[in-house]
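**Student:** As a plain string of letters, each chain reads:
Number of protein chains: 2
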Amino acid sequence: MRLHQIGELKLLKEVRERFSSTSKEDRSIIVGIGDDAAVIAPQKERIIVTTDMMNEGIHFDLSYTSPFHLGFKLMSVNVSDIMAMGGQPMYLFLNLSMKKDTEEEFFWRFYDGVSSAMDIYGVKLLGGDMSAAENDMVISATVIGQADEIVTRGGASVGDKIYITSTLGDSACGLALLQRLTDESRYRVKGYEFRVKSKKQKKKDEKALSLTHNSKLLTLNWSIAEPLIARHLMPVARDSNELTNHATSMIDISDGLFVDLSRICDECNVGAVVYSESIPLSKEMQYAADIMGLDPFMLATSGGEDYELLFTAANFPESTYNKSHNIKVSCIGHIVEKKRVVIDKTGRKSALKVKGYQHFGSQG
Amino acid sequence: MRLHQIGELKLLKEVRERFSSTSKEDRSIIVGIGDDAAVIAPQKERIIVTTDMMNEGIHFDLSYTSPFHLGFKLMSVNVSDIMAMGGQPMYLFLNLSMKKDTEEEFFWRFYDGVSSAMDIYGVKLLGGDMSAAENDMVISATVIGQADEIVTRGGASVGDKIYITSTLGDSACGLALLQRLTDESRYRVKGYEFRVKSKKQKKKDEKALSLTHNSKLLTLNWSIAEPLIARHLMPVARDSNELTNHATSMIDISDGLFVDLSRICDECNVGAVVYSESIPLSKEMQYAADIMGLDPFMLATSGGEDYELLFTAANFPESTYNKSHNIKVSCIGHIVEKKRVVIDKTGRKSALKVKGYQHFGSQG
Numbered sequence: 004m005r006l007h008q009i010g011e012l013k014l015l016k017e018v019r020e021r022f023s024s025t026s027k028e029d030r031s032i033i034v035g036i037g038d039d040a041a042v043i044a045p046q047k048e049r050i051i052v053t054t055d056m057m058n059e060g061i062h063f064d065l066s067y068t069s070p071f072h073l074g075f076k077l078m079s080v081n082v083s084d085i086m087a088m089g090g091q092p093m094y095l096f097l098n099l100s101m102k103k104d105t106e107e108e109f110f111w112r113f114y115d116g117v118s119s120a121m122d123i124y125g126v127k128l129l130g131g132d133m134s135a136a137e138n139d140m141v142i143s144a145t146v147i148g149q150a151d152e153i154v155t156r157g158g159a160s161v162g163d164k165i166y167i168t169s170t171l172g173d174s175a176c177g178l179a180l181l182q183r184l185t186d187e188s189r190y191r192v193k194g195y196e197f198r199v200k201s202k203k204q205k206k207k208d209e210k211a212l213s214l215t216h217n218s219k220l221l222t223l224n225w226s227i228a229e230p231l232i233a234r235h236l237m238p239v240a241r242d243s244n245e246l247t248n249h250a251t252s253m254i255d256i257s258d259g260l261f262v263d264l265s266r267i268c269d270e271c272n273v274g275a276v277v278y279s280e281s282i283p284l285s286k287e288m289q290y291a292a293d294i295m296g297l298d299p300f301m302l303a304t305s306g307g308e309d310y311e312l313l314f315t316a317a318n319f320p321e322s323t324y325n326k327s328h329n330i331k332v333s334c335i336g337h338i339v340e341k342k343r344v345v346i347d348k349t350g351r352k353s354a355l356k357v358k359g360y361q362h363f364g365s366q367g
Numbered sequence: 004m005r006l007h008q009i010g011e012l013k014l015l016k017e018v019r020e021r022f023s024s025t026s027k028e029d030r031s032i033i034v035g036i037g038d039d040a041a042v043i044a045p046q047k048e049r050i051i052v053t054t055d056m057m058n059e060g061i062h063f064d065l066s067y068t069s070p071f072h073l074g075f076k077l078m079s080v081n082v083s084d085i086m087a088m089g090g091q092p093m094y095l096f097l098n099l100s101m102k103k104d105t106e107e108e109f110f111w112r113f114y115d116g117v118s119s120a121m122d123i124y125g126v127k128l129l130g131g132d133m134s135a136a137e138n139d140m141v142i143s144a145t146v147i148g149q150a151d152e153i154v155t156r157g158g159a160s161v162g163d164k165i166y167i168t169s170t171l172g173d174s175a176c177g178l179a180l181l182q183r184l185t186d187e188s189r190y191r192v193k194g195y196e197f198r199v200k201s202k203k204q205k206k207k208d209e210k211a212l213s214l215t216h217n218s219k220l221l222t223l224n225w226s227i228a229e230p231l232i233a234r235h236l237m238p239v240a241r242d243s244n245e246l247t248n249h250a251t252s253m254i255d256i257s258d259g260l261f262v263d264l265s266r267i268c269d270e271c272n273v274g275a276v277v278y279s280e281s282i283p284l285s286k287e288m289q290y291a292a293d294i295m296g297l298d299p300f301m302l303a304t305s306g307g308e309d310y311e312l313l314f315t316a317a318n319f320p321e322s323t324y325n326k327s328h329n330i331k332v333s334c335i336g337h338i339v340e341k342k343r344v345v346i347d348k349t350g351r352k353s354a355l356k357v358k359g360y361q362h363f364g365s366q367g
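From first to last, the protein sequence lines stand for chains A and B.
Take the position in the first sequence, starting the count at 1, then add 3; the result is the number in the working numbering.
Take the position in the second sequence, starting the count at 1, then add 3; the result is the number in the working numbering.
Please keep in mind that the hints were generated in silico from the structure rather than gathered at the bench.
Hints should not be assumed to be uniformly reliable.
One copy or two, either will do: identical chains are not told apart, so a pair holds if it fits within one copy or between any two.
Below, simulated EDC-like cross-link-like pairs (lysine to aspartate or glutamate); rule was C-alpha separation at most 20 Å, straight line [to be verified]: (1) Lys-16 to Asp-269; (2) Lys-286 to Glu-196; (3) Lys-331 to Asp-242; (4) Lys-356 to Glu-308; (5) Lys-326 to Asp-29; (6) Lys-47 to Glu-321; (7) Lys-27 to Glu-48; (8) Lys-103 to Asp-64; (9) Lys-13 to Asp-269; (10) Lys-102 to Asp-64.
Since the structure is predicted, the reported quantities are computational estimates derived from the model, not experimental observations.
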């Protein structure tokens with residue numbers, strides 16, 4: 004059955020039935036999904052609000068992205084912004100604009116992806132809107148979080164060290180892989196629920212992926228491709244809970260390390276020195292970039308969509324932290340007065356150049 | 004200059020510069036536009052959140068709708084939901100998806116419309132997102148309000164009277180007019196800022212509009228057309244401030260009187276009797292409907308997009324209220340146990356039929 008055969012009211016009713024029960028247990032939710040607006044009784048001093056939109060053809064390609072991936076990613080992108088303020092994500096509002104002839108199955112698989120992410124982040128769906136689209140699918144979410152104390156982009160000072168969670172460039176490398184996949188491999192990736200299936204199945208069970216590069220057919224082991232593609236299609240937002248006590252400023256990497264670090268510098272009116280050798284790169288990314296003829300350093304610094312947390316702190320206890328956490332923290336440089344430079348392993352300095360993605364831009 | 008020649012970062016910077024100053028005066032705004040997320044320190048016990056999306060080709064037609072109208076309407080549609088909960092609108096988040104070759108002028112006129120509505124409602128812009136669209140323009144807004152006490156859809160009980168603000172069907176009639184306008188009249192309407200210009204110019208200064216109906220060319224005086232078209236292109240949300248003390252339930256009319264009244268009935272598990280003669284109709288709507296061969300009763304009960312407030316109350320002092328308010332309140336019926344009927348002037352009863360607009364639906 005297609006959406007136009009079902010009708011908006013029936014779909015809204017079913018969404019409400021599916022998601023309203025979880026709200027009833029939460030005392031902070033006075034009115035959940037289904038009224039003119041949702042009503043919340045805040046439990047903490049600060050309410051944190053973010054909203055992000057994803058457009059078909061711009062942010063996602065349905066030839067390798069499933070509705071499950073999409074729902075999950077939309078959530079993570081928004082939750083990541085809440086985490087980057089030092090907040091705890093709480094409530095979700097969804098706006099969906101889908102083509103009239105969308106299959107009902109697609110619609111509900113999208114909600115499965117959203118729901119899977121809601122469980123991970125402890126977020127409740129409280130409302131939203133849906134309508135028909137003439138052409139492309141557009142989805143947006145607003146996530147509201149809470150905190151007693153927040154971390155802005157504005158608190159870095161000279162002498163602070165610069166830290167990053169996990170590794171950079173995996174998402175951009177995953178995207179580059181996806182764009183080069185053969186039709187058969189694309190189809191297989193699209194049917195894969197990364198974070199869900201990887202628990203059940205051993206990675207080695209999966210066949211290698213095939214891709215085309217310079218008119219040659221290459222193969223890449225699933226164990227190398229999987230973490231990269233997963234990071235692009237179904238990123239998980241990093242938990243900032245134990246970072247906020249130390250962080251003087253924080254931002255999540257959405258447009259690329261150098262763009263987002265420049266934002267902190269702009270906000271704080273300071274400079275930054277980054278040691279290129281300290282930028283954490285996964286071995287999977289370096290291997291895959293190599294076979295595609297891409298520069299791992301470029302992917303890591305200008306790739307974007309990493310959704311890692313970039314923060315500054317006078318002295319973050321990274322070795323202690325890293326012993327007890329799966330997601331490691333690395334120091335990649337420090338804050339200085341004015342200059343913005345990258346220093347490579349030979350000691351050569353170059354300007355920290357901003358090459359992130361701009362939606363409208365030809366000058367990005 | 005077109006948006007792709009300017010770039011997202013520059014546009015975001017300019018939006019931020021334009022709107023950040025107003026946030027600085029507001030102590031409840033801890034972090035305004037420009038960080039990963041906005042941060043609010045709530046001043047009242049309840050936070051109210053709503054979000055609505057508008058799609059080109061579905062919700063609006065750029066052949067007679069200007070970007071100014073659009074920005075204004077997007078605000079009103081969302082503010083109306085906050086009002087319908089008995090809340091005070093406070094903060095705005097905008098998601099814009101515009102075509103790459105959109106003229107910069109269009110972009111800023113959209114913000115002028117948003118800004119004009121922000122002034123009327125006392126709302127501050129705290130964040131959002133913008134991206135390029137391949138085809139249609141899609142805009143969405145999230146408005147956050149506050150209240151000490153709220154009014155849901157769920158409090159109506161048997162014996163309560165049913166009230167409506169102002170008149171119904173004007174917006175649907177305005178839409179019917181717009182769809183029939185000649186190209187010259189369409190162009191003129193598109194250049195008109197209804198609520199802004201009408202203060203400066205006398206209505207009689209404007210020429211009559213030309214429209215085509217059944218292959219005949221008709222004219223309609225501007226003084227008749229203006230309030231109908233204004234209600235459709237630039238609706239103003241009704242203030243619920245002095246209604247909330249009396250209201251047992253409340254909803255705003257977005258999908259048509261009968262659809263929205265049915266929602267209250269569903270929520271409260273009650274019925275309703277509506278007297279068709281009591282439904283308030285403007286003389287302009289009745290006149291214009293007549294020349295277009297449309298049924299004023301159908302426009303008023305199933306037209307939608309009225310953004311009037313529908314509420315129930317044991318006994319609302321409407322005559323006292325109406326003496327001191329420009330926007331009048333009318334009683335149109337009462338709540339009963341089960342049946343949902345309309346009674347006409349001859350006393351004939353008919354079932355209250357739901358014929359609202361459904362985005363995906365063929366069964367609406």
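**Student:** Would you list, in rising numerical order, the hints stated earlier that this structure does not obey?
**Tutor:** 2, 5, 6
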